[in-house]
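**Student:** Protein chains in written order, with this note's numbering: chain A, 45 to 302; chain B, 10 to 246; chain C, 208 to 433; chain D, 2 to 273.
FYI, nobody ran anything at the bench for these hints, they're computed from the structure.
Take the hints with a grain of salt, since some may be wrong.
One-sided and incomplete, this derived list gives chain B residues near chain D with beta-carbon spacing under 8 Å [as the list claims (entries may be wrong)]: (1) R21; (2) L25; (3) A26; (4) A69; (5) V190; (6) I202; (7) G205; (8) I206; (9) R208; (10) A238.
Here a beta-carbon is modelled for each residue, glycine too, at the ideal position from N, C-alpha and C.
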Amino acid sequence: MNEVLKVHELTKAFGSTNVLDGISFRMKEGEVISLIGSSGCGKSTALRCINFLETPTSGQIEFMGQAISVSCNKRGESEIVNASYIRAFRQRIGMVFQNFNLWPHRTVLGNVTESLVYVLKMSRKQAEEVALSALSKVGMASFRDRYPHQLSGGQQQRVAFARVLAMRPKLMLCDEPTSALDPELVGEVLKVIRTLAEEGATILLVTHEMRFARDVSNRMIFLQEGRLEQDDTPEELLRNPATEGVKRFLSSVMPASA
Amino acid sequence: MLADFWILMVERGWALALLRGGAVTIAIGLLGMLLGFVVATPLAVLRWQKVAVVSQLVDAYSIVVRGVPGLLVIYLLFFGSVDMVKTVATTFGYQDSVDNAYPYIVGVIAIAVISCAYSIEVIRGALQAVPYGLLEAAKSLALPTRITFSRITFPLALRLALGGINNVWQMTIKDTSLISVVGLQELMRTAAIAAGITRSPFLFYCIAAALFFGMTAVSQTLFSRAERALNRGFGGR
Amino acid sequence: MNLDIVTYAIPFLLVGAKTTLLIALFGIVFGFPFGIVVGLGRGSKNRVLRNICDTYCAIFRGTPMLVQIFVIYYGLAQVGFIRHNPVLWWLIGDGLNAAILAVVLNTGAYTAEIFRTAFLSLPKGLIEAAEACGMSPWHVFTRVKFPLALRQALPAYSSEAAIIVKESSLASTITVLEITGYAKRLMSETFAIMDIFIITAALYLAINVVALTALKLLERRLSFVR
Amino acid sequence: MIISKIIKSALATSLLVSALATAASAKDGVLRIGTEGDAPKFSMADPSGNVTGFDADIANGICAELKVKCEFVVQTFSSLVPSMDSDRFDVIISGLGITAERQKKIDYSIPYATTPLYFVAAKDSPLAGLKSVDEIEKAIAGKTVGVVTGTTYARFIEKQMKGADLKTYDAVTQLTADLANGRIDAAFEGSPTWVDFLATPDGANFTKIDVKIMAMDAPDVLGHGMGVGMRKGNTELKAKLDAALCKMVDDGKVKEASMQWFQDDYTISCKK
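Extracted from the complex, chain A is given alone in its bound form (with noise of 0.2 Å):
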């Protein structure tokens, strides 16, 4: 299988606190993988990284064969190589946020067709076609005209998925996408990712739904204080955790009669 992104070393300092601490994995076309750990760990500051929304301090990120890398000069800035590659990146990497933000001021359709029309150039029509398919996908197509806060928190978030799959994103970037709605509509957006894993998607993952993320992940990631401390398959983490950490922390989410 092909490489789709490889995470190389990876470095980001807030001021003096080093938030990620040199953190490298890959992934292959059509894994999922699940970072997860405790909150404040650098599990979103890592996939916010990866699009480039947070400019690491140092590392490297190849996505898709194509390289940037990040090193400190002498004055201590960054100092981004291939920067230009940064929106291709975003072209063909989708990201889900904790609180959706979906724009406020557009119906669920031009939510879906801005991207498409602006970024993929497509003409309005077929970027409606196109984006109707994907909301029919996380079945939001009879919603199209509605405007976000005329929907649910569920609903929102899989019109949030819509808009990225209608990229046809190489890689999905889901940012704690279940963590801001009431417990009755998770299951909604669950459902959604599952379905996008089993047709074979990318699909890096940071979440608190252990279950989930077990039964779903090929591989599961474990951070903590910046530093990755296990990277195995669901089964193999669970049974034979590498650290104290991940011990620690997998007693506390998954207590023992899981």
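For chain A, the structure is supplied; the task is to place chains B, C and D on it using the hints.
**Tutor:** Coordinates of chains B, C and D only, in the frame set by chain A:
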């Protein structure tokens, strides 16, 4: 009493003069506000993005104009620029047109300079208030910066700025009364002349007040309507 | 610029600056709380009170300050009842008092609008949280609503404060000798219009820069993000 | 040699430019006149923008003498001088008093007229029956006196009536309103104002203090009467205006206008 009023307003023609003054007020106010807004938008964006040097210059401009009485801005523009503009215009053979249109041009520019300073603050505040996540979403979809601004940031900021723009407009329409010093017979000046000559100051000042009030009331309604239209998608709050 | 005129004019204008500061200070000290009360009145559940406050704001925001100051000083003086009531006559009989009254009434309307929107924009949850703690309405207002609304309103109020200083210049039209009053006298005496205007503007700018800086510092002190 | 050549050609060019500039600004056959337009009897702009009044008569008389066309530009009093400086018009005819301070800024024609000045007070005021300037000066100490901003009268009160408390107004109508409201004890203005005011219902309780004060009585503060204002240094224009005004004074045109508007002769004789 009523007969006197009739004679003053109709037979001696003050009603028409006041309406003409009101039209000048609206025209100058509208054009000045529009010009000010068009200039203020890019300046506010530069200020918002904290572009070095430009940012400080914009700040300085805004502080000076907002800190000095409007009358002075008009004086400086009018009496400071006549020679220059005139020389330029004369060289190109526009002598007459400049003589006649000059007060209007300077009037609009002066109002623009003043309203622009206030608009900058309003727009910048609104830009800052757009939730950052919405812009990140655009970024993550690789939308070009220009598109993100014109299709996401600006429309959202515009909605947030509307209340402030309304305030600036209300102030601008009243600031036009200062333009009379450059020889424009707008509403306030017409009222003052009428008050002086007919010796009925309260009548004419009250009429002027009523006309101003009418203008602001109409624009208030329009703004409320615009607000409702722009608030689509926000639960009509 | 003519140095003779400058040195001749500055002492007069400085005397005027004292009066300008006095008017502006009273405008802020009285206009600020007054505006907040009216702003609350506009959000009140009592319809009569709400309509009164709305009308007041519409009138004072909808007409030029010059007209307001004229009507208060010259217009009300034509009413016999006011002329013969010692308290009311004290209020509008004297130019300075009338000017302060006009400035307070004018800024009150604008301040009310600023605070009305500030109160409206407060997240409901924060207030409900306070109410849920069992705080009395007064307590909720002083400890939660007002401090939050103040932060929201400060940038707009800074502009309003600068406007108060500038609009106080209209007091010169009702015989008060503040900066502009002296400037007009000096101009008609010497005809050195531009020279005196520039000094005058510099004085206003100085006052406003100090005022704006002070409010900016306050804003920064009160802000949560440093 | 070369340098002097350059200087010469530079001088020649600048002369040419300035000649062109004056030719361009003062259009042939037109005299542009700045006037305030809201001063009753002196300068009144009607709703359609035509100017009538004493100032307008003087202006039209001058234009007739100079065989040019009059073009009025109506502007607030305070912006008349800077507007003339920036060439919005050529002369100011707006009841402008000639004083030494103002002569530093602008040039004047010869004075052609002056208005007699009077104090007005309430009929029951102790001021009402006074008979001389000295008496007024004593009695007015501690009293409030109103005048119009921009007139020379303000300085007359400041200098000659030191004890008085001075109030300044932007317009005559405001001054008379405050006098009627009782905010001031007395007001000092030109005769035309009082003829009008004392005839109104408001004026019924007031009276002129019977002491006629003329500009010539105190030229240091009251100036030398009304003149036509023009930009400094235009001797050619001044000569023309002086001659025209002198002729109008001599053949009674000024008196005629004065009688028409003020029912009184305010003419100042022309000193040759």
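**Student:** Look at each hint and say if it fits the structure.
**Tutor:** Comparing the hints with the structure gives:
no. : hint : verdict
1   : R21  : 7 Å, holds
2   : L25  : 6 Å, holds
3   : A26  : 4 Å, holds
4   : A69  : 26 Å, violated
5   : V190 : 4 Å, holds
6   : I202 : 4 Å, holds
7   : G205 : 3 Å, holds
8   : I206 : 5 Å, holds
9   : R208 : 6 Å, holds
10  : A238 : 40 Å, violated
In summary, the structure is inconsistent with hints 4 and 10 from the numbered list given earlier, while agreeing with the others.
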